[in-house]
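Protein chains in written order, with the working numbering: chain D, 1 to 72; chain Y, 1001 to 1259; chain H, 2001 to 2361.
Hints were generated in silico from the structure; no laboratory data involved.
Heads up, the beta-carbon is just placed ideally off N, CA and C, and yes, glycines get one too.
Treat the hints with caution; some may be incorrect.
What the hints assert, rightly or not - Every beta carbon over 10 Å from chain Y, so not counted as near; a handful from chain H, in silico:
(1) Lys2008
(2) Glu2059
(3) Gly2070
(4) Ala2072
(5) Glu2092
(6) Tyr2165
(7) Gly2324
(8) Val2337
Said to hold, decoys possible - Computed from the model, here is a short list of chain D residues facing chain Y with C-beta under 10 Å:
(9) Glu12
(10) Val30
(11) Ala32
(12) Ile34
(13) Tyr35
(14) Ala38
(15) Glu62
(16) Tyr68
(17) Gln71
Unchecked claim - Derived coverage of chain Y by chain D (criterion: at least 3 residues anywhere in the stretch with Cβ under 8 Å from a Cβ of chain D; other residues may be distant):
(18) 1014-1021
(19) 1079-1092
(20) 1181-1187
(21) 1216-1223
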Amino acid sequence: MKAKGKIKIDQEYCKSCGFCIEHCPKQMIVLAKIYNLAGYYPAEAIGDDCTGCGICGLVCPEACIEVYLDQP
Amino acid sequence: MKKIYGRPKYLKARKFHYCPGCGHSLVHKLLMELMDELNIADRTIGVAPAGCAVLAYDYMDIDIVEAAHGRGPAVATGIKRSVPELVVFTYQGDGDLAAIGTAESIHAASRGEQIMTIFINNGIYGMTGGQMAPTTLEGMKATTAPKGRETRRDGHPLDLSSLLAQIPGVVYAERVSVNSPRGIRQTKKALEAGLRCQLDNEPGLALIEVLSMCPINWKLSPVDSCKWIDEVMSKKFPIKVLADRRIKTTRKAVSGSVD
Amino acid sequence: MTSPKKDKVLLSGNHAVAEAAIRAGCRFYFGYPITPQNEIAEYLSEHLPEAGGVFIQAESEISSINMVLGAAVTGARAMTSSSGPGISLKQEGISFLAGQELPAVIVNVMRGGPGLGNIAGCQGDYFQAVRGGGHGDYKTIVLAPGSVQELVDLTMLAFELADKYRNPVMILADGLIGQMREPVILPEPVRHFPDKEWALRGAKGRPSRFSRSLILNVRRMEEHNWKLQRKFREMDANEIRFERYLLDDAKLAVIAFGSAARVAKGAIKRLRKEGLKVGLFRPITVWPFPHKKIRELAGEINEFLVYELNAGQMLEDVKLALAGQGEIFFYGRPGGVIPTPMDVAKIIGSRYYQRIKRKAK
Chain D
1 MKAKGKIKID
11 QEYCKSCGFC
21 IEHCPKQMIV
31 LAKIYNLAGY
41 YPAEAIGDDC
51 TGCGICGLVC
61 PEACIEVYLD
71 QP
Chain Y
1001 MKKIYGRPKY
1011 LKARKFHYCP
1021 GCGHSLVHKL
1031 LMELMDELNI
1041 ADRTIGVAPA
1051 GCAVLAYDYM
1061 DIDIVEAAHG
1071 RGPAVATGIK
1081 RSVPELVVFT
1091 YQGDGDLAAI
1101 GTAESIHAAS
1111 RGEQIMTIFI
1121 NNGIYGMTGG
1131 QMAPTTLEGM
1141 KATTAPKGRE
1151 TRRDGHPLDL
1161 SSLLAQIPGV
1171 VYAERVSVNS
1181 PRGIRQTKKA
1191 LEAGLRCQLD
1201 NEPGLALIEV
1211 LSMCPINWKL
1221 SPVDSCKWID
1231 EVMSKKFPIK
1241 VLADRRIKTT
1251 RKAVSGSVD
Chain H
2001 MTSPKKDKVL
2011 LSGNHAVAEA
2021 AIRAGCRFYF
2031 GYPITPQNEI
2041 AEYLSEHLPE
2051 AGGVFIQAES
2061 EISSINMVLG
2071 AAVTGARAMT
2081 SSSGPGISLK
2091 QEGISFLAGQ
2101 ELPAVIVNVM
2111 RGGPGLGNIA
2121 GCQGDYFQAV
2131 RGGGHGDYKT
2141 IVLAPGSVQE
2151 LVDLTMLAFE
2161 LADKYRNPVM
2171 ILADGLIGQM
2181 REPVILPEPV
2191 RHFPDKEWAL
2201 RGAKGRPSRF
2211 SRSLILNVRR
2221 MEEHNWKLQR
2231 KFREMDANEI
2241 RFERYLLDDA
2251 KLAVIAFGSA
2261 ARVAKGAIKR
2271 LRKEGLKVGL
2281 FRPITVWPFP
2291 HKKIRELAGE
2301 INEFLVYELN
2311 AGQMLEDVKL
2321 ALAGQGEIFF
2331 YGRPGGVIPT
2341 PMDVAKIIGS
2351 RYYQRIKRKA
2361 K
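Isolated chain D (complex conformation):
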């Protein structure tokens, strides 16, 4: 059974650097269509393919991505 994961991005901290988007193995992170208070288009997760690999959290310079994993 595939591991099920979830991420939570604090969009006000995001600066649109694009690292999470570049490195997500499931390509399930995109830039939102609405900008945050600082004027950046923040990253947001789409779909439910997240495996909880944690790479997005690791590469995020703003430390604003929390990664959750369903552990059986």
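Since chain D is already given, all that's left is putting chains Y and H on it; use the hints.
Relative to the frame of chain D, chains Y and H by itself:
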């Protein structure tokens, strides 16, 4: 669901003033993770530089002392000699460490001061607006080298870490980069090795150079900046262990991380 | 040289400052060789480790002042010493110490200048010492000893004042006092030190804190500056020290500090034997400067002679103090020339005869 990654507790809940994709943000995060994992936050003093990270104390929830430009290793020497039980690190950029602070960097290393020096190398002077640094590559443009660095006029880029690595008082020196997931993990291991040199009372200075993205001054996107480090910068400043004179340990893997 | 066992000993100024520092509880010395103060470092390299302290000969005067800053931020008593050119290098560090409100003692054994100068005793660093020296609005307390005994006593005082006000303190000596030997009574070592709850020693059991002088918000920077200025006003109110010598019936007051005052005293003794009514006013703190006390003198005395081993520096403070009252004559010798008491007596005497004896006719 179990939270397996989040903001480290010693990183204050405050937005970084650093640019999107800046290496500082990543290194600050890794360092504060280590403060927690090694349980040393309440006995560490960091010495902040003049440079983009002058406001490091706004982010790092540990005791921090500001030093004049380049003088971090001297201030760190005073602190460590006064309270040897503390873990002391300097956090410096290319100007701080390899231009104005060259003497302090060399002599703290020569004396074998038991401190860690974190050298954030972005090949340019960030805070003051993008002037040429000793580490600026040939051909690279900067505000004080508008046509690009020319070795005849400006000298060759300076690899100070390699010079420092030759000094017997340097007990561990490694160059890493935060430009990829692999690089970030490697950087964290290197920073941990550096901190452990003090915890293990290794007789000398630990130097960790981190090739860091500076998208605004390089005039590249954050993702392209990461690629530029791979394709260009790391050819001149190769990623590798530059010196290892540790007595007590050899390279240890951080438990739980996958390379 | 071996550490003095008896408490009254013959010591050179440089050795005396070093021994006094140890007795004042200084346990950190960082310095760089420069004549005429090398004996301070040499003495401490031997005796400071014996006392459980740390001695480092640093790579430069810049590095030494920054090491002092590092030790000071942890609450330790730390000292550095140098002469002219080296003190110039330390100015940024001294400004940082003042801005970060850290205690430290800096010893300047003045030599001829400007530039590389020479190694003779001189008083040409007065402006640098009392006008701030480094950038920004700050002051350091400046103590000017006139003898080796006074050098010992003022060194003990320097550490006390530095801790009391959380500010750098400078001891302004010169090559003559640094090198000469006199018998001194050494004080008991200090046993009780002030509590420094502001120090940084790792955030154990308390929130993390930082020590810095960068304040980007201009209103907060202004507030910080006024806070420092209040400290300097307190120093001005409480820490002025000076000596009055034979001024009660004087018609001419010589104003001098340090070695120059020492020589002037010799000159005055000679002149008094010949019936001239001359006295000496000697500032011991040249910052804070005893402006008021000098202004009070103008009530009884009209003739002033400022004598310094420079081209006219304390002279400006005397002019400020007198604010137009009285007549000031300046005699200065820059470059390291040190006139004898006889030379100085001739100058004072001749001025006295021009201004006082003639008027009496």
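Structure-based check of all given hints:
| no. | hint | result |
| --- | --- | --- |
| 1 | Lys2008 | holds, 33 Å |
| 2 | Glu2059 | violated, 4 Å |
| 3 | Gly2070 | violated, 2 Å |
| 4 | Ala2072 | violated, 7 Å |
| 5 | Glu2092 | violated, 6 Å |
| 6 | Tyr2165 | holds, 20 Å |
| 7 | Gly2324 | holds, 42 Å |
| 8 | Val2337 | holds, 35 Å |
| 9 | Glu12 | holds, 8 Å |
| 10 | Val30 | violated, 14 Å |
| 11 | Ala32 | violated, 15 Å |
| 12 | Ile34 | violated, 18 Å |
| 13 | Tyr35 | violated, 13 Å |
| 14 | Ala38 | holds, 8 Å |
| 15 | Glu62 | holds, 6 Å |
| 16 | Tyr68 | holds, 4 Å |
| 17 | Gln71 | holds, 5 Å |
| 18 | 1014-1021 | holds (count 6) |
| 19 | 1079-1092 | violated (count 0) |
| 20 | 1181-1187 | holds (count 3) |
| 21 | 1216-1223 | holds (count 3) |
Violated hints, listed in ascending order, are 2, 3, 4, 5, 10, 11, 12, 13 and 19; each of the other numbered hints is respected by the structure.
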